[in-house]
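Can you build the whole structure from these sequences, using the hints too?
Number of protein chains: 4
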Amino acid sequence: MGMWIGRGRKARRSYGFDEIALVPGNLTVNPNDVDINCEIGSIKLSIPIMAAAMDGVVDPKLAIEMSKLGGIAVMNLEGIQTRYEEPESILADISKSTPEEATKLVQGIYNKPIKEDLIVRRIKEIKKAGALCAVSSIPKRAERFGKLAEEAGADMFVVQSTVISIKHISSEYETVDFTQLCKNMKIPVIIGNCVTYSMAIELMATGAAGIFVGIGPGAACTTRGVLGIGVPQVTATCDCAAARDFYYKQTGRYVSIITDGGMSLGGDIAKAFACGADAVMIGSALARAKEAPGGGFHWGMATPHANLPRGTRIKVGTTSSLKQILVGPADLDDGSQNLAGALKTSMGNLGARNIKEMQLTDIIIAPSIKTEGKVFQVAQKIGMGK
Amino acid sequence: MGMWIGRGRKARRSYGFDEIALVPGNLTVNPNDVDINCEIGSIKLSIPIMAAAMDGVVDPKLAIEMSKLGGIAVMNLEGIQTRYEEPESILADISKSTPEEATKLVQGIYNKPIKEDLIVRRIKEIKKAGALCAVSSIPKRAERFGKLAEEAGADMFVVQSTVISIKHISSEYETVDFTQLCKNMKIPVIIGNCVTYSMAIELMATGAAGIFVGIGPGAACTTRGVLGIGVPQVTATCDCAAARDFYYKQTGRYVSIITDGGMSLGGDIAKAFACGADAVMIGSALARAKEAPGGGFHWGMATPHANLPRGTRIKVGTTSSLKQILVGPADLDDGSQNLAGALKTSMGNLGARNIKEMQLTDIIIAPSIKTEGKVFQVAQKIGMGK
Amino acid sequence: MGMWIGRGRKARRSYGFDEIALVPGNLTVNPNDVDINCEIGSIKLSIPIMAAAMDGVVDPKLAIEMSKLGGIAVMNLEGIQTRYEEPESILADISKSTPEEATKLVQGIYNKPIKEDLIVRRIKEIKKAGALCAVSSIPKRAERFGKLAEEAGADMFVVQSTVISIKHISSEYETVDFTQLCKNMKIPVIIGNCVTYSMAIELMATGAAGIFVGIGPGAACTTRGVLGIGVPQVTATCDCAAARDFYYKQTGRYVSIITDGGMSLGGDIAKAFACGADAVMIGSALARAKEAPGGGFHWGMATPHANLPRGTRIKVGTTSSLKQILVGPADLDDGSQNLAGALKTSMGNLGARNIKEMQLTDIIIAPSIKTEGKVFQVAQKIGMGK
Amino acid sequence: MGMWIGRGRKARRSYGFDEIALVPGNLTVNPNDVDINCEIGSIKLSIPIMAAAMDGVVDPKLAIEMSKLGGIAVMNLEGIQTRYEEPESILADISKSTPEEATKLVQGIYNKPIKEDLIVRRIKEIKKAGALCAVSSIPKRAERFGKLAEEAGADMFVVQSTVISIKHISSEYETVDFTQLCKNMKIPVIIGNCVTYSMAIELMATGAAGIFVGIGPGAACTTRGVLGIGVPQVTATCDCAAARDFYYKQTGRYVSIITDGGMSLGGDIAKAFACGADAVMIGSALARAKEAPGGGFHWGMATPHANLPRGTRIKVGTTSSLKQILVGPADLDDGSQNLAGALKTSMGNLGARNIKEMQLTDIIIAPSIKTEGKVFQVAQKIGMGK
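Chains as they are written, first to last, in the numbering used here: chain A, 15 to 400; chain B, 15 to 400; chain C, 15 to 400; chain D, 15 to 400.
Any given hint could turn out to be false.
The list treats identical chains as interchangeable, and a pair is accepted whether it falls inside one copy or across any two copies.
[To be verified] Once the Cα atoms are required to be at most 30 Å apart in a straight line, the calculated DSS-like pairs of lysine-lysine come out as:
no.	residue 1	residue 2
1	Lys181	Lys118
2	Lys110	Lys126
3	Lys118	Lys142
4	Lys370	Lys181
In case anyone wonders, no lab produced these hints; they're calculated from the structure. Since the structure is predicted, the reported quantities are computational estimates derived from the model, not experimental observations.
Right, dumping it as structure tokens:
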């Protein structure tokens, strides 16, 4: 396994969503008879989709709506919601700023301190509405914020960094003990992100209820461009799903694999499940919802190094309600709406009655690029070629 | 066979038309001595091309012209022709609507009920002109409409859905028995679409005279983008042709393989035959004919799920008569006209005297993309680069 | 050798110029000490480049200049030069016509009959200037025109069709006997085009002094788009060079391999020699010369089928003198000028002192496409993306 | 090892930065605890980055600033700085000229003779500021200029040509003896460029302290386009690093591998180290610094052949201070700023505490191109498609 990339140096070929396609079998199922329920620890979802912990995507209002529709949203405990009493005006400032002002503005906004009472207040806002509440922090603050979140009534706690590890070397601060953290929490803890079989095994061994899969998934990803780090999601998901199955055989405990990142269309989500995912986490696709706090924008906080920039604002536009994006009806036919319906239709056509069957779908490597004609047409359109 | 895409997970590499090319042998044939006749069940065609069952492509008028030229057109029994007494005005509305109005308009049009007397009337219009008449329905209505079509004088009956199967699970309706259907019909029944060897074998065993090959053939295909499903046409056609040859050896019955979708130029059609096709079905290439009812537009009804959109209108433009597109003379040199002539010339250069010989052509995997220069030129044209 | 493209169907992977690069060894040579002389039959050239038999590229004037510079130009005996007493005005009409008028105009021009006295006159014009004279015809007219050309003093006779074969089946006309043709001619005969080892062997056995290699070399090539036929030039050249070496071992006769088509830059030409070519034939790169009769345009006559179009005019522009294109000095740094100088510099860097050494250069498969950044920039330029 | 590209002809597959990605292990390190020091011969750098010997990038002022920040800049001894008493006005002429004038202007500027007293003066300007001083010449002038440079106080001497070799054949001039050169110089000598294992071994054997790796690294590179020559940097760096490790085992002398060219973003630099580089040399990324003498432009002198053009001016724009580009803080999030910070963050995420550990990072082959969507969007933007 692996190809020679240079003398004495081998590398394994990895695959992304664009390079594969799903192959129908000899059975089909009426989409209305397809079951897409999933469980992450003790949490049951009727739609196996999580909303990413981004300030432009999740606020209490969206979290409530997401839960009503059957999914779950993760609220960032280190973002605008917990730094500002009135986040609405801050969010409005971001969406109204010019592209030139935006980066600086966003960077400044996150310099305000986090207020612990706001953590409690936001969680209670969500719980008061009877919705499922998931919240997230970075590893460094996981112990403190995890405790606070649990006490405030949160249903799920997420610990996320670009690249997670159990063994972290630092001369400046102490490293979190994930095993202790999971033991101390009564609500399910989900940890990420990882991309390899062996890291997935280590994370499961901490007692996590689920793990996030996805680091620098695409060639256009900042993590891959700036840091050179990344594994395409097909390979990462298959590897971590294999770790889950092995860990389940060894221990009898089933840990959910949640593919996070790199999925923009319904087809990508279907492929993630076919690769072995139990659920998916999406961000920019949901940032386009009317309910999304970003007002048609989102911005990441991917790189934690103090001097590398964070906060570039991305315009995604607002297309429709969260409901339309998740369960339709779809106005657009590009696969960006009715994600649950598309998943059911895909599963029906593939003969998968539920997520577990979908994980066994036959996959084919299919050429992803047919730009020739298109580029040629572009060339002609702008007056080139003959 | 297959490559590792992740731990414990293998996938087979598939190929599309863009990735292959045909290799001349040591013999050439004068194109005028090349024979491209084909038979599908009892139907003989002098041009092995079928027009796809799309409302923007086939109406009785086009079906009559298609038959005259030596091919056959499939009329959709669930479209505008069978829902409206006067389809012309409806079609005119579609072609005159703005891009913004079009999707909604198209969706509304298909909410009108199908009238069975119109099914009979349209078939009789075609037969009255002495033309071959092929008509199509989805599986659910195949028994009822097949009977009606046969009684009205149709020559061929097509049952098509995005992904066909013999075993369909539904709690809401009963599944059609294809074997019974083929037994009950005296005219040839063609079923599709499928892409695998084993599904092709199952479909042939029902008694079908032909099967359609093609699901999500291209990376730009909606089925692949929205549902993640698809197999590129080179591999799909080769696999189903292998099934046909095996089935023929076992039973002595020759079932036609009709490659459907993903062919836009003469070269693609030549490649489909080299891969083993007995005939091809094309849509958008014919939508450009003056006779096409869509007036330079076509629209698909690919996804049957109620909440996923259907009806996006695609502009293809009107370039010439159906005759020019099929048998020339060609005004354009891009391979979109004189498809039969291009096929004969290709076969002559490859030394194939007929379709059966063409199916044995040497195929090479050839890099499909040479965008570098073009993209670079585009970049320069719009004032970038040095 | 070969990969599975479908059940029971294998195809060999072929390579084009864009996919390879040349690897320096442990020796370098001062470019001024590099020798690029070549011999084709009895003809000695100091620059191993032939100008393609296209009416927009070669007329007597360009042929004279080409010979002076050390190369050789092939004049088409079935083009404007032999159909019109005063070709200049016809050529001016073509270059002055609008894009809309051009195709029809070009098609009409070639309906005029060929005049045998003009064949003689054009050849004499070239010979009077003391230049090397090569002329070409299609197979059907090779016997008659070959004899005429030889009598008029031509130095080389070229027989070319898109796909050549020794065994041609036609009920309408008799097939040319190439062995007899070569035997009857005293001047060297070059035949093409072919792309395979076995066809190359057959052509050499006729007694030809050289063979042209190149059928549908690029993905953008009409032959590949319209007919589906083609083999990328790296593989085609390597295969035919292997046939030459085998034939030479068997017979002691060295037949020149002339790579024709698919080379646009100096680097492509260097690669052709590294793949085993003895000479190259180029068209559009020379159509950009001030001396080229096309006035910045060229047009092909690729497809002989009566109903498939011929004559599409391509604008290449006029950049400089033929001298600058062939031997410099170069004003442009894109590899389109000083082709001989680029070849010498390439050979010097690769440590090849002459063409025979260049044919042994180490070749690497190198990723050809780095469009990502460029496309991204294009996207940004026209106001897309963030 | 190697794939058949034609009959009897094998070629090895090589890889570029775009095709690989780095895979995290089970350890992470706080970036502040990462050590990126490097040594090249006797020279110690706290940032393992060299500024390329280009006139638009390096003058004494930039060299001083580069040294202050922890890297080292190479000043071209055959450029504007040593031909003109007052290079500032010449540089201003270049940056103010129109694109049309630029090439001719640049070509003319390099026709002025080199003044040896200016070589001494420029080196002294750099040394007076207490900065590290590296200077470069082509092989032909290495003996003379090396001696001058050493006497004037330079700390490092670079000998560079597009393709270097120990054995150079020339009837016009004598070849430099690199072994003698290295023996005669007391300061470290760095030689390049090379791309293969065997050439790297030969260069190390001359006594060089370091070697530059990089010839025609990218598909868009002039060397590859014009001459056909090149090896992508991943394979070239891995191969030369393997040569270094072998040479070190044999001799106990550690020769630095400096990857030169093809790196535009932080991620590319991280990958170069993961492939085995000890340091990297960059040009255009630094040409964007306010301190760069080119004023937002740079121009190469890649091809030494007299008649092939040199001097095309490339616009890169001016984005920020050299300090921001090298050590941040970054305003842009595209990986073009804070290169040292990005390297430390990448290494921390990959669990590499220093360059030697980074050289052992797990590498994956990851699809580099996801143009489909982008090209499609471009197409739509300019009004194409549906």
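Taking the hints in turn, this is what the structure says about them:
1. For a Cα distance limit of 30 Å, the shortest separation of Lys181 from Lys118 qualifies neither inside one copy, at 34 Å, nor across copies, at 56 Å.
2. For the homomeric pair Lys110 and Lys126, the shortest alpha-carbon distance inside one copy (20 Å) is at most 30 Å, but the shortest distance between copies (45 Å) is not.
3. Taking CA atoms no more than 30 Å apart as the test, Lys118 paired with Lys142 passes in neither setting, with 35 Å inside one copy and 39 Å between copies.
4. Proximity of Lys370 and Lys181 under a CA criterion of 30 Å is satisfied inter-copy only: 20 Å between copies versus 32 Å inside one chain copy.
Of the numbered hints given earlier, the model fails hints 1 and 3; all others are met.
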